[in-house]
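K.L.:
What follows is each chain in one-letter form.
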Amino acid sequence: MKKGWIAYPYVVWLIMFIFVPLLLIVFYSVIKTTDQGIVFTLEHFQRFFEPIYIMVLLRSLYLALISTVICLLLGYPLAMILASKDYRHKRVLLLLVVIPMWMNFLLRTYAWLTLLEKNGVINSFISFLGLPKMELLYNQGAVVLGMVYNFLPFMVLPIYSVLIKIDKSIIEAAEDLGANSRVVFRKVIFPLSLPGVVSGITMVYMPAVTTFVISRLLGGGQFTLIGNLIEQQFLYTGEWGFGSALSLIMMILILFSMAIMSKYEKENEGGGLF
Amino acid sequence: MRFLKRFYVGIIFFFLYAPIIILMIFSFSDSKFRGHWGGFTLRWYVELFRDREIMSALYYTVLIAVLASLIATIIGTIAAIGIHNMGKFGRNIIINLTYLPMLNPDIVTGISLMILFVFLKVERGFFTLLLAHITFNIPYVIFAVMPKLKQMNKHLYEAALDLGATPSYAFRKVILPEIMPGVVTGLILAFTLSIDDFVISYFTTGAGVSNLSIVIHSMARLGINPSINALSTLMFITVLLLLLIVNKRSSNNSRKENAV
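Protein sequence lines correspond, in order, to chains B and G.
Following this note's numbering, the numbering of the first sequence begins with 1 at its first residue and continues without gaps.
Following this note's numbering, the numbering of the second sequence begins with 1 at its first residue and continues without gaps.
Hints are computed from structural coordinates only; laboratory data are not their basis.
Any given hint could turn out to be false.
Covered stretches of chain B (chain G as the covering partner; in silico rule of three or more C-beta atoms under 8 Å from a C-beta of chain G) [unchecked claim]:
1) 18-27
2) 30-40
3) 67-79
4) 162-173
5) 176-183
6) 194-202
7) 218-232
Beta-carbon label-pair distances, calculated as ranges [unchecked claim]:
8) Leu42/G - Val69/B: 38 to 46 Å
9) Asn153/G - Gly220/B: 57 to 65 Å
10) Ile260/B - Arg50/G: 49 to 57 Å
11) Phe125/B - Leu222/G: 21 to 29 Å
12) Pro147/G - Lys32/B: 26 to 34 Å
13) Tyr236/B - Phe33/G: 38 to 46 Å
14) Ser31/G - Lys32/B: 49 to 57 Å
15) Gln151/G - Lys32/B: 47 to 55 Å
16) Tyr236/B - Lys154/G: 50 to 58 Å
17) Leu255/B - Gly90/G: 17 to 25 Å
18) Asn153/G - Tyr236/B: 40 to 48 Å
19) Asn153/G - Ile164/B: 23 to 31 Å
20) Pro167/G - Leu61/B: 34 to 42 Å
21) Leu65/B - Ile95/G: 43 to 51 Å
Where a beta carbon is used, it is the ideal one built from N, C-alpha and C, also for glycine.
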């Protein structure tokens, strides 16, 4: 079975639809069309360093960071509880974490509008209690909520899959040696679950940084994230050069952090989803 | 403590399911405005099947998902076998390139393909959408099949050949059954990714060809047609039932195995 050549059709596909398109992004990011034809330029990258665009990047990183932290704080205890239950219950509960992902993600996000808007379900409930209505939509909180809601399962699953593999006798040994439950968690369970935490953080942070739908729907277009900015360049303003430069910067940022994360994971036996 | 745990799990599940339940409830509301209850009705479920836009989007969503996942599974499985048999150098390069679309943000993949299609002056529509879906599906198939190939005994195939099997017969009777679980996993994964994709489709499709995600996105500003709520209620219940049946069957199986 020494036939490597049967992979060649795929190699052609790979070059055509993955490699060349990425080269085209690089190409468009360093050219501009002038009267003399196409010339090399770095102005698209220079433009990125204008304060307004740096702000957009920082805002994307910041909102994604907050969402990731919340996902971790909410998801870790859930993963622990799910991992500690008896066998039959566990399968069903785990399934319940996954099922929401089977509904269209735009629609799930849109459903929050019904809940949060001025005359929405939550505000109706609040005014029913005799309290003043609140502005729940079109602010940073709503964007973060949308991110946490959409990406929480991506945090729970990898942590769960690592926790479930921890050898119970290690925990018993720690208890026999006099550790109370807090010490067991701090010194045994948490360090052993770190690979799952790392892949959970990756799987939440990456899509949160690059989203442009959640910020549009729940932020009402006031919270431009880097994803929104890229989309605008390609679909509305037609400035492909700037858009390509932005995509390239974001891609490098993400691949770079992925490389660091995966290096960490390799050292500590990863806890991926699949 | 036990109560606290239950309470916590309950709260989280409430958070995860509240929007879905709200959406389902309003699919029975006799009002065109979201969040406004106008009495019970089934009319959105009737109108759903008359709505051309939604029906066409549903058609394209399913068609693209079926075609893309099948083609990606064929290309990906063959590619995985080829990669498995390559020299170390070639294999590493190809595997790393294959990882790229999985690691890259969707928006970058979508835009890079859009640039390619525009650059080649291919008009965007059904064909480009299909190509894009196959492209982002293939890596998932490859990485589902590769582990099965690694687990397989190398000499089985050679033994089959020694016993007089032709290469294609040996492939069908020896290799394929061994890697089948990986192929099926890849196919299912590809299908679900394809059904649910918005970002890549958004950049690679053209006028007249929309999948459900794109239709929902374009409706979102003016308010979503309640028929969409009806459709997703139906789809959600279908998936839920399928999952419950699969889960029930596999837990029955594992209990039987335990009993043996």
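K.L.:
A separate judgement is required for each hint: does it hold in the structure or not?
P.N.:
Hints, verified against the model:
no.: 1; hint: 18-27; result: holds (count 7)
no.: 2; hint: 30-40; result: violated (count 0)
no.: 3; hint: 67-79; result: holds (count 3)
no.: 4; hint: 162-173; result: violated (count 0)
no.: 5; hint: 176-183; result: violated (count 0)
no.: 6; hint: 194-202; result: violated (count 0)
no.: 7; hint: 218-232; result: holds (count 3)
no.: 8; hint: Leu42/G - Val69/B: 38 to 46 Å; result: 44 Å, holds
no.: 9; hint: Asn153/G - Gly220/B: 57 to 65 Å; result: 59 Å, holds
no.: 10; hint: Ile260/B - Arg50/G: 49 to 57 Å; result: 53 Å, holds
no.: 11; hint: Phe125/B - Leu222/G: 21 to 29 Å; result: 26 Å, holds
no.: 12; hint: Pro147/G - Lys32/B: 26 to 34 Å; result: 46 Å, violated
no.: 13; hint: Tyr236/B - Phe33/G: 38 to 46 Å; result: 29 Å, violated
no.: 14; hint: Ser31/G - Lys32/B: 49 to 57 Å; result: 52 Å, holds
no.: 15; hint: Gln151/G - Lys32/B: 47 to 55 Å; result: 52 Å, holds
no.: 16; hint: Tyr236/B - Lys154/G: 50 to 58 Å; result: 55 Å, holds
no.: 17; hint: Leu255/B - Gly90/G: 17 to 25 Å; result: 22 Å, holds
no.: 18; hint: Asn153/G - Tyr236/B: 40 to 48 Å; result: 56 Å, violated
no.: 19; hint: Asn153/G - Ile164/B: 23 to 31 Å; result: 29 Å, holds
no.: 20; hint: Pro167/G - Leu61/B: 34 to 42 Å; result: 53 Å, violated
no.: 21; hint: Leu65/B - Ile95/G: 43 to 51 Å; result: 31 Å, violated
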